Amino acid sequence: MDLVGAKALVVGMAKSGLAAVEILAEQGAQVTACDLRAPEELPEAAQALGARGIPLLKQTPEVFENQDLIVISPGVPADLPELEKARSSGVRVIGDLELASWFLQGDIIGITGSNGKTTTTAMTGHILQHCGIPCQVGGNIGTPPASLIRSSKPGVWNVLELSSFQLETIGAFHAKVAVVTNVTPDHLDRHHTMEAYTAAKERIFENQTAEDFAVLNADDPVCLGYAQTARGRLLWFSRAKPVSPGLWFDGQSIRLGEGILLEARDFPLKGSHNIENAMAAAAAALVAGARPAQIGAALAAFPGVEHRLEFVRTVRGASYYNDSKATNVDATLKAVEAFEGGLWIILGGKDKNSDYRPLRDPLREKARAALLIGKAAPIIASHLGGAAPLIHCGDLASAVAAAYRAAQPGDVVLLSPACASFDQFQSFEHRGRVFKTLVMNLED
Amino acid sequence: MAQTLRTDWTLFVTIVVMVCLGLVFVYSASSTVATLKFEKESHYFLLRQAVYAVLGFSVLMWFKRIDYRKLCSPLWAFGGMGVVVFCLLLVYFLDPKTHRWFRFGSLSIQPSEFAKPALAIFLAWFLSRRLHVINGKHTLLPALFSVLLMGVVVVFPDFGTALVLVFTALTVFFVAGLNKRYLALVMLLGLLLGVYTIYSKPYRFGRVVHHFDPERKHLYLLVKHFGLEPYLNRSAANRDPTYQVRQSKIAIGSGGILGVGLMQSKQKLFYLPEAHTDFIYAVVGEEAGLWGCGAILFGFLIIAWRGFQLFWLATDDFGRYLALAITVSIVFQAFVNLSVVLGMLPTKGIPLPMISNGGSSLLSTLTQLGILLSVRERAA
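As you go down the protein sequences, you meet chains R and W in turn. For the first sequence, the numbering used here begins at 31 and goes up steadily by one. For the second sequence, the numbering used here begins at 219 and goes up steadily by one.
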């Protein structure tokens, strides 16, 4: 891809935007950076860009004019009117993933899905490392794809977590192994319809050939639909029934065909959804060359992912879990599923037009109370009314304090908010860290 | 006359290399199947195959040492045939399910494989005595006898071996100068037998029809015309008849020139059935690429060269026809196997000599090659 002298605009100056600027500048493009926030609000980005002599502008319709290439960050809606206008005048509009894929060496394992993609990505990387197969891990969470370019090498796998937004803006991106963990309603505030969301995820298969692999969830109706159009070799996983070719869970052990890969009791993570993630990761690792016996051992030694049903500590006999990564209803459902009962669940944050009613039955059965925080509290309250006692706490600190006062030994205090974090926190990681600090400061 | 014996090192080394390559790819193609399907150690098939290889090389060295002219006797000619036919009849009752295997503990023997060396010795013995009256009435006897033997073998579902035997017999008689009319008669008989065999099992019928008419334009219409469609579909209902070859082509295609590396085949994991037996060449193609495929093909070309050369170099007719029959049967079998794997012939269960997993096949092939080496050592 020849970018020398091309005028390129990068929209959104978070981590991935900065990485995109860097790679474009390295390729000799004439780069402009912009963000909705004024340069004064982005001191770090401004400093980094200033050192390279790259102008940082506030995002206005004018900056989109006279460009050859526009690269948007995952947080930027792909259907902005300015972008539509640029597209109609023939300007190429791509995401950071597409840009990175032009320069990444080595094959890509792309992992997407509504839930479980972070854990699955981390597990896949962990298994490959455990098996001595060279790889690097990044994507939507953690290291942006563009930042992996410098360390990429032929023969080194790039294990990438991909969001539907990143997939929406691909062109030539090609995943040797495409994994879809599941597809349930999420991000409908930006994709508008379930069809658009499903179609965005499906693009992960777009440039695959018969020699590539598609790893799909056999229990997910949307994935079954993908199987009709995916061109690659299919590999299934299921926790409901035997599948072939693929991995399945018989209630006691993860099986590969007729053989046993791992006994569930040897697997360190809670929740049956994590068994599902383990199967998806194992399938991806298998086609990357890992041996079945090594995969079992690697999974048994998996340390877990921060903010994903992460055990924090036990205070006065009650266990505290940080599941801040649960930014939608389905993720929270899966977290609740992982516990027997006695739950004090902290819900709320920035609402994404979600329907919280699916939580009613599991909460009626397992929750002692739901502690509501953030802007979404009134909507959640109206959807959950009567299912469990509701305590309006306002912010996370009061919620933790309320749970601390009320929890009995043997109970579980779970932060699994089912909402985005942006009303009160910078990110879900920030929310999770605040929660952990609060819990660590509780008196035993 | 004291004759200096010179081992044919080119042929001998080729055989050793081929068998070693076979062991490597048997391990690669079978290790996952062994652990996951049979719940055994990953080297389960390798170990078995290695035992057969050692056994096979002992047999090879024994035949290489003895003078092949000792085999030119009615005892060997009829004895070999007799034992094989007897075993085939026995196995028909001892293995009521597939009519294929004798089992001794964990090792098993497939007698039909040994029909190949037995037939080669029989044909060579017969022709060495009757060459001058090849078109006389007495020559029809062995022709009929071999067809009879094929018939016995075909009863058991080992169409592949039968095909090799028929082709070998026809080639040998053709070279010996059998009257074209008799030859045509035998070919017609063979053809009828072949058509019957294909038709007798719906899966065979399905494979052949789908191979020659994947678009369902001509042969399929004929099948439909005769009302045989339900019969044809009986096999398709169970499994897509083109599945195996499609997977085989994906394997070879993804191998490219250099291959994806030893043990790295993905097709063998889930997609390619019989990866360590009949379709092992696809695993070679995926893991070792064009170079690996070329190397194995080259190995068979060397065997063909050294074997066919004996037709001019052997000092007697027995040696001449023995070498011809052995070379034809090995090279033809390899040719059919490679064609099936590359999708140029309908799918046919036939192992690749020396490479595929399978003890009887390896033993039988090494027996034949031992005899071939013996002929070469004593050739001009």
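Keep in mind that the hints were calculated from the coordinates and are not lab data. The structure presented is a predicted model; accordingly, all values stated were derived computationally and were not measured. Be aware that one or more of the hints could be misleading.
[To be verified] Taking lysine-lysine pairs in the DSS-like style, the calculated list, with each CA pair at most 27 Å apart, reads: (1) R/Lys271 <-> W/Lys258; (2) R/Lys206 <-> W/Lys467; (3) W/Lys566 <-> R/Lys271.
[Claimed, not checked] One-sided excerpt, in silico: chain W residues whose CB lies under 10 Å from chain R: (4) Thr253; (5) His261; (6) Tyr262; (7) Lys467; (8) Ile468; (9) Phe488; (10) Glu492.
Don't be surprised by glycine CBs; every beta carbon is placed ideally from N, CA and C.
Structure-based check of each hint:
1. R/Lys271 <-> W/Lys258: Holds - the C-alpha atoms of W/Lys258 and R/Lys271 are around 24 Å apart, at most 27 Å.
2. R/Lys206 <-> W/Lys467: Distance ~18 Å between R/Lys206 and W/Lys467 Cα, so the pair holds.
3. W/Lys566 <-> R/Lys271: Not OK: W/Lys566 and R/Lys271 at ~33 Å, beyond 27 Å, violated.
4. Thr253: Holds. Min distance 6 Å.
5. His261: Cβ of W/His261 sits 12 Å from chain R, so the hint is violated.
6. Tyr262: violated, 13 Å
7. Lys467: holds, 9 Å
8. Ile468: Status holds, d = 6 Å.
9. Phe488: Check passed: Cβ of W/Phe488 comes within 3 Å of chain R, closer than 10 Å.
10. Glu492: violated, 15 Å
Comparing the model with each earlier hint shows violations of hints 3, 5, 6, 10; every other hint is respected.
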